[in-house]
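> Each chain, written out:
Protein chains: 2
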Amino acid sequence: MKSSLICVAGTEEIITVNVDLGCRSYPVYVGSGLLNRPELLSRHVHGKQALVVTNTTIAPLFLDKAIKALQQENTEMTLETVILPDGEQFKNMESVIKVFDAAIEAGMDRRCTFVAVGGGVVGDICGYAASSYMRGVNFIQIPTTFMSQVDSSVGGKTGINYRVGKNLIGAIYQPKCVLVDTNTLNYLPNRELASGIAEAIKCGLVKDGKYFEWLENNIQALLARDPIAIAYAIKRSCEIKAGIVTLDEKENGIRAILNFGHTFGHAIETSCGYGNLLHGEAVAVGMSFVFWVEVVLLIVPDLTIFITATGDTIEANEELQEGEELLERANLEEGEEQV
Amino acid sequence: MKSSLICVAGTEEIITVNVDLGCRSYPVYVGSGLLNRPELLSRHVHGKQALVVTNTTIAPLFLDKAIKALQQENTEMTLETVILPDGEQFKNMESVIKVFDAAIEAGMDRRCTFVAVGGGVVGDICGYAASSYMRGVNFIQIPTTFMSQVDSSVGGKTGINYRVGKNLIGAIYQPKCVLVDTNTLNYLPNRELASGIAEAIKCGLVKDGKYFEWLENNIQALLARDPIAIAYAIKRSCEIKAGIVTLDEKENGIRAILNFGHTFGHAIETSCGYGNLLHGEAVAVGMSFVFWVEVVLLIVPDLTIFITATGDTIEANEELQEGEELLERANLEEGEEQV
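Order-wise, the sequence lines are chains A and B. Under my numbering, think of the first position of the first sequence as 6, with each following residue one higher. Under my numbering, think of the first position of the second sequence as 6, with each following residue one higher.
Worth flagging that the hints you see were computed from the coordinates, not collected in a lab. Among the hints, erroneous ones may be present.
What the hints assert, rightly or not - Derived DSSO-like pairs: lysine-lysine, alpha-carbon spacing no greater than 27 Å straight-line:
hint, chain 1, residue 1, chain 2, residue 2
1, A, Lys53, A, Lys181
2, A, Lys181, B, Lys70
3, A, Lys240, A, Lys181
4, B, Lys215, A, Lys255
5, B, Lys255, A, Lys53
6, A, Lys103, B, Lys255
7, A, Lys171, B, Lys70
8, B, Lys240, B, Lys215
9, B, Lys171, A, Lys53
10, A, Lys103, B, Lys103
Only chain A is shown next, with the shape it has when bound in the complex (with noise of 0.2 Å):
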């Protein structure tokens, strides 16, 4: 995985991290104030037409910034507005339907891009509203919570809920850059901040023994927000989860380690109600109870376990068994890199 860190003369640094995807491989930049710097996006936007999806928590406070570096250095561009309101429960086909009808009234044709301004929610619902107008148009995320930052954002899964099931809905379909500005974190509350926090331990604990190592030494500075600590956590995490959907865009095989956790999380998250614990604190507690589970089997080794959550009855040992493998071939197919 080859990233780059660019010194401009008077500006901040800008990490950026390729996903190498043949034709539809493109780079996720890192940094502080990148909104203020439109060159960026206007490299990635051929068309005159945009539609900036977001929702009513994060118009207020990054609106206006993301439609200037739209609009700065494409003077041209139309650019149309979609403001869904804030929470998983609008992760769904409504959501998604806003977006088409926004799209056709604006009068979007084939070259135009969707952006996506929020968390993991936005998203997905707008990288699925891309993926099918017009049989697919341009895309680009700008996350703002340090979950989309470190995860959601990157590698293409976008999807919406739909009846019973999470993400059941959806396209794997690639942005055309992904800008993560750290300092849309300052208005993120603490509890989202540690939600995240959460799946950039699991890239650790997946893929990068050093660099759980370093989580578990800089988790004060990353709470405190430390900028240092949260572009190289951000770094990292997207360097690591890069490296995986890049072996496996498609998830036909190794790309499922990066869901580590979320079989039982997901279960938990359901049956809590959505809304009511956030996705990083449902994969935490999926997490540990896994190693509860390997410690449980060291023990008493031919028990099996099953847990209950949705309804859907999980056999927790044939999950620790896929997962196991799944981890053995993650190491034997990229080798761990240096942090």
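Model the placement of chain B on the given structure of chain A, informed by the hints.
Coordinates of chain B only, in the frame set by chain A:
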């Protein structure tokens, strides 16, 4: 474009046209009685669950045969069916939702296969649903109309009509295989056969003068459903389409040549109301309009011609110029092939 002819002792010939798209490559099987050859389908169905999507016209004719073909070599296969109402007016989000609901109710997982048995409308709905269900599941096309056999089942374009727009929502999503049993045409109304022939003529016009001549000379044989003529027209049309799709899967350039006559055709089709004019009939009118404009412009070169059919006004001259540029590129980028 490589095609092959396989003769198996005691059975009919199978023509195979390969659509070369790297890891998304797939075969188009063409022949008489191929629904009686379950080994062709079983090569491409890897999971143990299949969802057959068809309509009320096609179900009494071919559903049992298709189910038998899917289950014969895969006896553990669980199979569900969605029978949609017949007609372009049902190519909408409600039909896609019906497919999702059937898949969810049957507990279909990521390894399931969606199978479209019908014409272009069924293929479009089923294909788009397959592209979005669990972020994309396997998909097989069994086209039963001449239109879908020579054109719409190949190349991965899927989509539904949405509000004012034809195919406004959809995906480019390739099937795992296309199985064309030419016996299905025995039940096709003459008007629909003629509509399909219009798309075959378009293939000749845009890419292969010799094939166009062949169509001129064999039009009576095609209308009389001569099996050899029918099979050859399907083969050659699929080869031409596959060759162009290989160069430009996502229609960023040259693939637009396959829309020859379609800008005007769609306008006429929409203004007549869906279902009153068949797609191929509209395309035929559209193509003949293009030639009429060409002739008029030879006589009065400075004339600017506008056509208004659906409220949108199309400038004919601009359309023609774009079409001519594409035609030139089509012949530069892929050498003309021998029939």
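> Under the constraints set out in the numbered hints, which ones does this structure not fulfil?
Numbers 2, 4, 7 - these are the hints that the structure violates, sorted from lowest upward.
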